[in-house]
Amino acid sequence: METLLRVEDLRTQFHTDAGLVHVVDGVNLELKKGEILGIVGESGCGKSVTSLSIMQLLPKGIGKVTSGNISLEGKDILAMSKSELRKMRGSQISMIFQEPMTSLNPVFKVGDQIMEAIRFHMKLSKKEAKSYAIEMLTKVGISRPESVVDEYPHQLSGGMRQRVMIAIAMACEPKILIADEPTTALDVTIQAQILNLMRQLQQEKGTSIMLITHDLGVVAEMCDRVVVMYAGQVVEETDVKSLFKNPKHPYTKGLLASLPQLTSESDRLNSIPGQVPALDEMPVGCRFAPRCEFRMSVCETSNPALLDTGELHNCRCHLYQEEGVSS
Amino acid sequence: MFGYILRRLLYMIPGFIGIILITFVLSRVLPGDPAVMIAGEQAPPDVIAKIRVELGLDQPIYIQFVDYVKKLFQGDFGTAWHTGHTVLQDFSSRLPATVELTLASIFIAILIAIPVGIIAAVKKESILDHISRVFSLIGACVPIFWLGLMFIFLFYSKWGFFPAPMGRISDGINPPTAITGLYILDSLLSGDMIAFKDSLMHLILPAICLSTGTMAIVARMMRSSMLEVIGQDYIRTARAKGMRESKVIMKHALSNAFIPTLTLLGLQFGFLIGGAVITETIFSWPGVGGYITDSILATDYAPIQAFTLMSAIVFSIVNLIVDVLYGALDPRIRYE
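Note that the protein sequences, when read in sequence, are chains A and B.
Counted the way the UniProt record's numbering counts, the first sequence spans residues 1 to 327.
Counted the way the UniProt record's numbering counts, the second sequence spans residues 1 to 336.
So that you can see chain B by itself, here it is in the shape it has in the complex:
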């Protein structure tokens, strides 16, 4: 088991090298000169040339790449010139917000999609099944940016159920003492109920908005794998033993049907990281997503490359965890 995890971690390295190479080349090939952006459109050519030398942009591209990789190994992800901080500084102040948003979305998606999928399968072709089908279709089709704007329009401007979509907490309220960096968790841990309530209200809309796509797909997946399992012989065996129907479904069927859904949840993580970029922009959520949007608009290479690499690392690790969980859920899967 330990050997398997180690081997999987080693296999990730070539993948990461590929990602580093591709993001590096793409960001260099795309039009837009950072030196011009830093100095301003009207800057004299000699100033721009000087900045290019400072940034190392006058060097051949392969030397730039070697420099970049060398720095990566020293933990230096470069400096985001549009904020003036190192990428690491920017990330550490913004990452908790993104983690909170992503975790909340995954949580909401699981909380709603799994029961909906189970009910839709157990009550197949009933009105509940049809309703869940329609909502899944809507959830899978509606783009995040449209849904986000509709949420803000209805629940904030029109009905005022939720606070203004500006950040993680209202201006007049102090953020909770930083423990994990997640406001919800920190405010609970420090017993700060005012901050908890306010940050929860700020979190709900963007988290639901980000979770809809995942929710729809997971619900459908859960339904279909549940339907398949319910038709299996061992479900009939469980019923023939006299088991209560709720136990047949929740124990015998779910423990088998959850395995494919888990795969999907792992894969959806990549989608959520991507979706966070859009959601954070719409809700002015001070996370990495909004920061990356700004970096793209400012042709700021370093944060973009760092973000891509980070997404790849997170995605790979989440999927490694998923694979390890398989072994726990399904005794037929064993890793050596």
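Excised from the complex, chain A in its bound form:
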């Protein structure tokens, strides 16, 4: 499959109270045409920052990409001018966010917010844009779209607002949709509806989706491939089946073990001991070493590289370093 988006050795720096820290530290990603790539990790592991780096929407003066490459169909995003970036955002890559309640501007009509993107990218007239906006609302499963188009966000439920966000994001038929925890703030039945809608649109238009989540259930349901991130780095990358069947990195194993099992005898949930290291106190060696049950002496002194352990299953762990080298 053709690679649409390639992120190479991305390092993104943030100004924090503790000084300058790298929130994303050497991330490599590839998003292929038409696939759904899951990015999984705990809060603060750098998954959202990675997506904002791709969009070049890092908070000004606080976050900055310091090195690496991001290319969209061979074009370097980091070298794009402001106007090139604007043309890319919303038409080539668009984004939906975690909080549908706050992601729409409260003082403008829903329709105007959809039409804004349509008019800017597709150069439609006001009238054409409005009928297209209504068409988009119908597509995302909103009943009575003709009246919703003239309503304000506060008149809609959370699920409906997320549908509106999807309508805005999909309006200009982008090549890539970045969905940053799109269902986290919604209740479970609505979650399933929104995920189904995303998959349906993805199948119709062949859009590639980068689905950022901490919910392994969502990953299993939706994704083709998965990237697991820990403390600003990719620790494992593979297709979704191998991830659940044959997880390699101890962190991934820990994550899967923490999922509640209906068949399990124990009435306590498993959890990974310890905490994610603070950004300004990253261990010298493997970043997961302090919490790892398979820790070896080498883990505390050197950070392993992300290597292919066979069958396109990449893992960043000393347990597999030799396998990686040999394969």
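Just so you know, these hints were derived from the structure itself, not from any lab.
Warning: the hint list may mix true and false statements.
Calculated Cβ distances over 12 Å to all of chain A for the following chain B residues [what the hints assert, rightly or not]: (1) 11; (2) 20; (3) 34; (4) 38; (5) 41; (6) 157; (7) 208; (8) 247.
Sample of chain A residues facing chain B (criterion: CB under 8 Å; computed from the structure) [unchecked claim]: (9) 20; (10) 102; (11) 168.
Here are the simulated lysine to aspartate or glutamate pairs, EDC-like style, with alpha carbons at most 20 Å apart [stated by the list, open to error]: (12) A/64 - B/245; (13) A/60 - B/125; (14) A/139 - A/84; (15) A/123 - B/245; (16) A/60 - B/233; (17) B/251 - A/151; (18) A/109 - B/330; (19) B/247 - A/84; (20) A/87 - B/245; (21) A/82 - B/129; (22) B/247 - A/112; (23) B/251 - A/112; (24) A/60 - B/228; (25) A/60 - B/129.
Computed from a prediction, not measured in an experiment: that's the story for all the values here.
A virtual CB, placed ideally from N, CA and C, is assigned to each residue, including glycine.
Let chain A serve as the given structure and place chain B on it in line with the hints.
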């Protein structure tokens, strides 16, 4: 909506009754006898007593109050003895000057404070932000009387940029035909450019002087509400749609950030009416403010009471307008 406005207008009535009562009682309780002021310090006691009877001051205070309220309802605000005219006559000749000054100040404050607040927020912690902070601090601290005197000293006596601080228009120039009573507007409407230029030059210094406090506070308010809005998720959404940064700020952010600033502008109106009293005195501006200062010095009750009531009415109505505007700016606010 209409019902809401009507209800708000009705709610104002108890407030106005309270104000009438307080100003009436205060002006009676304060030392100083108008009869003595009218007749003169040396007047014989029987003359003073006669004047007291004429003014109704010999009556018990509650009867004086009832008389006063009765007359108010007939549109009679009493007579200002220090000018010899009825208060209504004095007001109608002086009010346009005060309205012109106040509107000009609000206009200047909005014109400068809103952009300054936006720039300070967008370029947070830049040199522009720091400059605006220093000027806001100065603007909020410097008293009007000092600033007014400095303006006159520098821009009139020292450098002569502006005409003498005497009134609304130079002596040799005819005021424009009265249409609205506002010289600037009237001279424009009647195409009298000489009067326009002269009255504008007379207006600038007092208007800036009166607007500084409001300008400083509005700029700070605009900055802080803008900063809050810029951090909101929907601003990120607008950027993610590919919107131009100027549109993100001027459309998406400003339409939200302006709402708290509007509240402040409404409240500042009261401050401006009060500030006009001082400014008009310094610049010999022939408005209601100077007239009220004279009335206070002359223990002339009627105009003081009328002015207080008028200020309260103007303030209440301006704030009602502000509340109605909320509904227009923020669709989440609806009045039934």
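A quick look at each hint next to the structure:
no.	hint	result
1	11	27 Å, holds
2	20	40 Å, holds
3	34	54 Å, holds
4	38	58 Å, holds
5	41	64 Å, holds
6	157	47 Å, holds
7	208	32 Å, holds
8	247	9 Å, violated
9	20	17 Å, violated
10	102	4 Å, holds
11	168	7 Å, holds
12	A/64 - B/245	18 Å, holds
13	A/60 - B/125	12 Å, holds
14	A/139 - A/84	29 Å, violated
15	A/123 - B/245	19 Å, holds
16	A/60 - B/233	14 Å, holds
17	B/251 - A/151	18 Å, holds
18	A/109 - B/330	11 Å, holds
19	B/247 - A/84	16 Å, holds
20	A/87 - B/245	13 Å, holds
21	A/82 - B/129	24 Å, violated
22	B/247 - A/112	14 Å, holds
23	B/251 - A/112	12 Å, holds
24	A/60 - B/228	15 Å, holds
25	A/60 - B/129	16 Å, holds
Of the numbered hints listed earlier, those contradicted by the structure are 8, 9, 14 and 21.
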